[in-house]
Every structure is written in structure tokens, then in C-alpha cells.
Amino acid sequence: MSTATQAAPKLTKKDFESDQDVRWCPGCGDYAILASVLRVLPDLGVPREKFAFLSGIGCSSRFPYYVDTYGFHTIHGRAPAIATGLKVARPDLSVWIVTGDGDALSIGGNHLIHILRRNVDVNMLMFNNRIYGLTKGQYSPTSEVGKVTKSSPAGSIDHPFHPLAVALGADATFVARSIDVEAKHLQQVIRRAHAHRGTSFVEILQNCNIFNDGAFADLTDKPVKADSQLILEHGEPLIFGKNRDKGIRLGSGLRPEVVALGSGVSEQDLIVHDEQDPTLAYFLSHMGPPDFPTPIGVFRAVDRLSYEQALDEQVVAAQERLGPGDLDALLNRGDTWDVE
Amino acid sequence: METASKAAKPIETRDGVVVRFAGDSGDGMQLVGTQFTIESALAGNDLGTLPDFPAEIRAPAGSLAGVSGFQLNFSSSEVFTPGDSCDVLVAMNPAALRVNIDEGSLKPGGMLIVDQETFTDQNLRKAEYQVNPLTDGSLDGFQLFAVDISKLTSAALIDSGLSKKQVLRCKNFLSLGLMSWLFQRPIEPTVRWIEQKFKKAPELLDANKRVLQAGYNFGETTELFHTAYEVRPAKIAAGRYRNVTGNAATALGLIAATKRAGLPLFLGSYPITPASDILHDLSLLKQFGVKTFQAEDEIAAVGAALGAAFGGALAVTSTSGPGVCLKSETIGLAVAVELPLLIADIQRGGPSTGLPTKTEQADLMLAMYGRHGECPLPILACATPADCFDTVFEAVRIALHYMTPVILLSDGYIANGAEPWLVPREADLPEIKVEFRTDPEGYQPYERDPETLARRWVIPGTPGLEHRIGGIEREDVTGNVCYHPMNHEHMVRTRDRKIAGIAREIPSSVVDGASQGDVLLVGWGSTFGAISAAVKELVEAGHSVGHLHLRYLNPLPSDLGDVLKRFRRVIVPEINLGQLVRLLRAEYLVDASGLNKVQGRPFKVSEIIASVKKVLEELT
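As they're listed, the protein sequences go chains R and P. Numbering-wise (my numbering), the first sequence opens with residue 27 and increments by one. Numbering-wise (my numbering), the second sequence opens with residue 24 and increments by one.
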């Protein structure tokens, strides 16, 4: 989007910091995400008062208190519903939802899939730490099978969600993943999410250093990360590895496989990322250790009319067809009779 | 088409008549009842209606469970209720006859019009009749008119080219035509309705018109009926009238409020009986800038409404009791963040799925206390179908003026029931003043108006007033998250005082009938009609009985305690096991007693009169 014509004084990160003390545990991944969001917001060409940050319940949902825009810390799981009403009533606002794996995928699962299918133009940042933090350490809908927690002393027997697969199953128009500590990548993804018209669903892998420390260490530790992250770029082949010497190609049937480049396998043999291909997005959403690297970046980005825009069009069409509402005419509609 | 000529038969004048159309739920009884209502309204009568239909869309044809009824009371004097029992029963099949006769719907000596061809062995079995009631003398206490409704319909459409099934679907219009003749109603409004409805199906348009006229002509020419009846226009206040159901009046009241408040209307709703018509009606009114959102569930419906309120819309959610249960947590959030929101609860029989299509008043305690924490909010109740318009308008005004969610209680009886309504004019409706704060100087999110204790409404998009709200307890004035014990108590008490303070705006209580004396009947909601009629009759009989009907249930009117003291006995009729009566006893330490009924039906006037008389006897 173009910000060249913006006459207002340029905003800085500081303009978006609220006066509230940030109260996440020291070392929490949320701090890094907050810093990235605060860094991106001034550059979006949106006046500060036009932002609204909404959240549900959980550690991540404290986020709105720390951003000096309009904010609404709501109730568990319901932020997508409340944000839908806000965006429908006020399409002029830039509406953001900050949520977590429990808030979005457990108690708020229903609202999540429905906001995605409706394609309300909001940006949804889902912090996934694969644990319940605020309630002090129970397994979440993204915890792995066998996870031992306070509420699963014998190991969790819940099969976890692949959050992006859920989003894709709901026909989300923008689906992406990034990581708390990959600031540059995260900021790029957030910018893309903002630019997208429709619901942007961004999973942000986030370390809870108290209750699930190191959940993504295999993905973020310097020595291994190049071999475990697959950075998606539209139109580019799926290549990863410290020396960019590994790739993903389609094996027999529709099964992707990891191959080493060279020795008869070239880039031309690899799958080329296409943000518009739903099948590719779906199998990328299931890809991960131990057999595959974890893809990060934009999995899917397609255009579809947003909900609030479609509703606005109906309102305009009704007004064009019927004229602006005339209350007296409405009250007198149908059969009336006069009493002298 | 020829308009019906004047009947050649003698015409008797009646003060008022109660008719009931009953048939299979697929027989179109609601349609016929509605059209007969419109005809009666246009004839200038005062009226009251009771649609009474099963929850199943189509129960097995001919079964007792599938009987659908529509009762209409039309009169040349004031009408308060659809009538305890009817003067005329039109029964389209044996099941409809059985259900209504067994329940005593038809007055002794009343007119009973049946479609005699439907009394086949099979249909009699379905209605659990051992012998044909038309011939066994069991109906001797009524004036029985066995009419060949099906045959007459077929005869009228002999050359229409319609299938047998299509032909028989027109027979409801034959009974309507006949009834229109019998009570000298104009059929033109129904003809207009048919022309509109079947615009795209000329053969059905023609068929229904012919059958309607055939029914009318049959009445005029048959030797079965010797007399037609006429009910003169009622003496009611001058002006323009229309018929309105409670749900329609609620939707119109919301449109009026959106215009007078100058705010766009947002409705978040999930379909639920008996509230869905509000969603339907408002969905048709986008030209008023209305945005309706059919949510994925009740929680999302109220959530979206609250989000819209945050954005500066006039936010509403419409539902019934089960939906209010699901919305409780979000309503609590609205209380905490102090945003205006209207929750319209069109009550039905409960608990759980209960009686979806039947009426009940058992959500008062839910509205009062159905949230965790100390969570007060204003509650208003609609008394009649037309009163829904005024009450919803007032509920919106309070929500906006006090920055609070408000619960509006209506119920299935008035939601679907209709009555004539003196149509208001936009210019006569008060303006609802709303001012968003835009001045950043010294702004604090929880600073309050000293009188109303309402905080200011500041909407996103306002430069310099960026702030955060949320469900965690907020510090007084600043709104910052705050867990201090004394702050919490202060905020709990402040929210309570804010709602209690609304009492200062509630008009003085008006008692109908005796203003002091032996018995005061205190009602709320849809019992208005039955209590009014009962009190009128009791007062005319010389008894010292008054009637106070409460629109404001929380807070209660500040003069209520004094009014209660002016009577020796206080009786509270309710369609529940005693909810308002508990509130009154708790609030005023008054020895009020309940008069309670929970059958999915409104009170009969006679039931109230009998109970009051018993109390009056005890007093002498």
C-alpha cells in the first residue's frame, strides 16, 4: 500500500507504546512479538487512532494494554466475534486480534472458523506456545500427544490441531506462520497480513519459558535452525538447509519428500511455492519434524470479497433501490385504516 | 373480480366475537387467521390475537400433535385479550376438533364449523375418536355446521387445471371466505394479499381468489346459515391504525430509535423461536443503514453486537431464554466495560428447549441475576404487541444514556400476537441524545457524569483519546487494570448505584381501577391484557381492586413501595412460579402472594377474576 501521500507527521515505535508496565514473565516470547508489532505499526500508513487491538483471555491477550491505540481486552475465545461486530460497524478501522492457542483453538474454536470463512478484514495474530500459561501449565489443543502437564500427569492423549490446517479447512484467505524470535521475518509477515484484504491468520510460534520452555528450540537454535526452517517465498522452490542444499519435491502420489540437491536432483525438480494453491498449502500445514523442516512464511494468500465490504454493498444497493429509509413510510406500511 | 354483494339475509349485531381457526399445521390456519385479523382491523374493530402452533414444522398430518390454531377476539369495545374461549370454532379436521373441544376452547352453545369430509375413519383414528363425533350426539351442546369445505373448494376449481393436492391447499380460503361473509368482513384486503403473494403464479392467484369468493358466496346462499353477524367499529382514539405483532413492533421500535438517536443499527442474532422475526424484519431494512449479522451462535451474536457498540453503533442482540444463558458472560463484559447494548429476550417455555413456540415469563430472575459477580443492569418488559414499540425505544434510550446493557423482556404471546396500533409519527418521537466525546483534554476512560454516573462514549477513530477497556476490574477514573480491594468495592457499588439511579427517571406509577383499597394486582409483561380485563370487570362489579403494570423491573419505580401499602392485599399474577413476587417481597417486605400458571399459555381473564374473588371473600 502507498503511504506517500500521508501528510500527518511520521509516527514512531514510541508513539505506539502505552504507559502500562508490561507484565509478562521475564524471558517470555511475547516481549519479542510486541516489539515486532510496535516496530511495524508506524509504517503502515494508518493513523494511530484508527487501530483497534482486541484480545480474548490468556497471556497473549494482555497485548492490547501495551499498545497505545484503541484496545479491548474481552473474554475467553470471543475476540473474533467481537472484532467482527466492530469491523462490520466500522470498516474504516484497522482491526487486530491477538490470541493464543487455547483462546483461538479451544474455547474460541467456533468463532475462529467462522471469522475465517466469512473473511472479515481483520488481522489475527495467534501466539502458539503449545501450553496454557495463564492458568499455570495445562496442555493445550496444540500440545503434543504424551505431553506431561499438571492436568495430564500420564501424558496428554489429545491429538493436537495443526492450526494452519484448521485455518485452511475454514477456507481462510491468508494463512501464515512466523516465530517470536525471528524479528525480521515476523515483521515481514505482519506487514503482509496487514496488506491483505480479508482475515489474515498468522500463527506465531512463541516460547513459554515457564511452562513449556524450549518447545521450539529445534527450530530456533542457531546451529540447527537453517536445517529445520523452510522459508516459504511465493514463486520460489522449496529449498532449505544451511548450505541451501536440501529441497522438497513431490514423491510418489502426492507425498512430498526431502531430497538433497545435486547428484541428479536440481531446483527444477522441486515444488515451487504458490500462495494460491490450496493443496500445497494444506500439505505444508502438516509438514514438520521429525521428517520435514517446519515451513514459515505465507502459506496461502488469495483474494475474496471481505464480509464487511459485501454487507456494505448490500446496504448501498438497498439505499439506491429504495432511497434512504423513510420512517413514517415504514410505520405506515401495509394495511392501515383511519379512525375519526 | 366482483366484490361481494350485501347479504340478503338478516344481520344481527354483536358487541364482540371470538373466533378460532384450527386445522393441521399444514392447513394454513395462521395465514387465514392473520388475514381475518386484517379484515377485522379494517372493519374498525379493536382486536387481540393468539396464534397457537406446534413446534414441529409439520407434525404427521391429521395428528393431535399437529393441530395449529389462531384465535381472534374482535369487538366494538376495547379488547384486552384474545378471549378466554371462542364463540366460533372452525375445525378443519377431527384432530383440530378434538383438541379444542377437549380443552374447552368453544363456549357452550358456540358455533362449530367443521369440514365434514375430513371426518373419515382414518382421520378419526388419528384423532383418537372411537365414533364420529358429528353423529354421536357429543356435540349437541354446540351449534354444529357441517360444511363440505373440501368439496366446495374442488367445485370452485373444477376447471382450474390444478392437481387435486393443489386444489385442496386452497381450502383454507374457503373457510376464510365463509367466515368473512358470516361476520360481514371486507374481503378486499385478502384479495390484495393474494394478488401480491401469488404474483408469479397466476393460476394459484386465480384459484385462491375464486375459492375465497366461493366461500363468501356459499355463506350468502346456503340454507345452512340463516343469519350473518356484524360487529360495529370500536370507539378508539382517532388517528391512523395498522395491525402489529410484538416482534414487528420491536423491529420498528429499533428503526425508530436508530433514526432518533442518529446512530447506525447493528443487530447480531442467531435464529431462535420465537425471536427470529426480529432478525427477519430488520434484515429487510438495509435502506435504513441497518446491518444485521446472523452469527454462528448466540455467543457470537452478542459478542458482535458488543464489538459494534465499541465502534459506536446502536447495538442489539435478539434472542430467547436459551440464548440469554449463552450470552451471559458477554453481557457481564458489557456491564464491566459500560457500553450500551440491548438484549431482547423473547421468552418461551423453559427450562432447556422447553416449549419453543409457547409463552412463559420465567426469565425475570435470569435477567436480574443470571450472571456471575455483582452484575446489575436495567430490565424493561413489554406489555402488549404495540407496547413493544415504545418499550424498546425507551430501553435503547436508557442503554445509550447510561452506557449500560439493558435487557428487554417480551414473550412468545405478544411477539406473535397482534393488535391494532395507533401509528406514531417520527416527528412526535423524542430525540435520543448521543454525543461521542472528542475532546482529548483531560480525558479519563472511567470518569463519570456526576448525575447519571455514566462514563463517556469515545469511539475508535477519535484522535488523541486512544484508550483500552477490558473485563479485568478497572481502576476508578483511569480505567487501568486494578486489583486493589477498595477499588473493587468502590466500582461494584458505583455500577450498582448507576443502575439504581435510573429510578429517578421512571414516571410515577399509575394504578388502574381502585387507587387504594382491597386488592392490588401487580403485573409485568404480557399479562397486561388479562389483568386489565379482569380488573375492569371486578371494578364494574363494585369491587375495590387496582391494577399496576410494571414496565420497569430493574430498577423498580421509586414510588412502588408506597403504592403497595395502599392495598390490603397484593397479588402478583405471573406465567411462572413466582418471580416478580419474590422481588417485591424482598424489596418491600410486603406480604404479596403469587397467582401462577405455567402451561405455555396466557392467563384467562376468568382465572384471574376467580382468584381475586377468593381473596376478596377472605377479606370480608
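Among the hints, erroneous ones may be present.
Covered stretches of chain P, as calculated for chain R (at least 3 residues, CB under 8 Å) [said to hold, decoys possible]:
#1 309-322
#2 398-407
#3 478-490
Interface residues of chain P toward chain R, partial, derived using beta-carbon atoms under 8 Å [what the hints assert, rightly or not]:
#4 I61
#5 P77
#6 I80
#7 A82
#8 G326
#9 E352
Think of the hints as simulated: they come from the structure by calculation, not from any bench. Beta carbons are placed, not taken as given, at the ideal position from N, Cα and C, and that holds for glycine.
Hint-by-hint comparison with the structure:
1. 309-322: With 11 residues closer than 8 Å to chain R, the segment 309-322 of chain P meets the three-residue bar; holds.
2. 398-407: violated (count 0)
3. 478-490: Held - the segment 478-490 of chain P has 9 residues with a Cβ nearer than 8 Å to chain R, which meets the minimum of three.
4. I61: OK, holds: I61/P within 8 Å of chain R, min 5 Å.
5. P77: Violated: closest Cβ of chain R sits about 27 Å from P77/P, beyond 8 Å.
6. I80: 26 Å, violated
7. A82: 31 Å, violated
8. G326: Holds, because the Cβ-Cβ distance from G326/P to chain R comes to roughly 3 Å (cut-off 8 Å).
9. E352: 6 Å, holds
The structure shown violates the earlier hints numbered 2, 5, 6 and 7.
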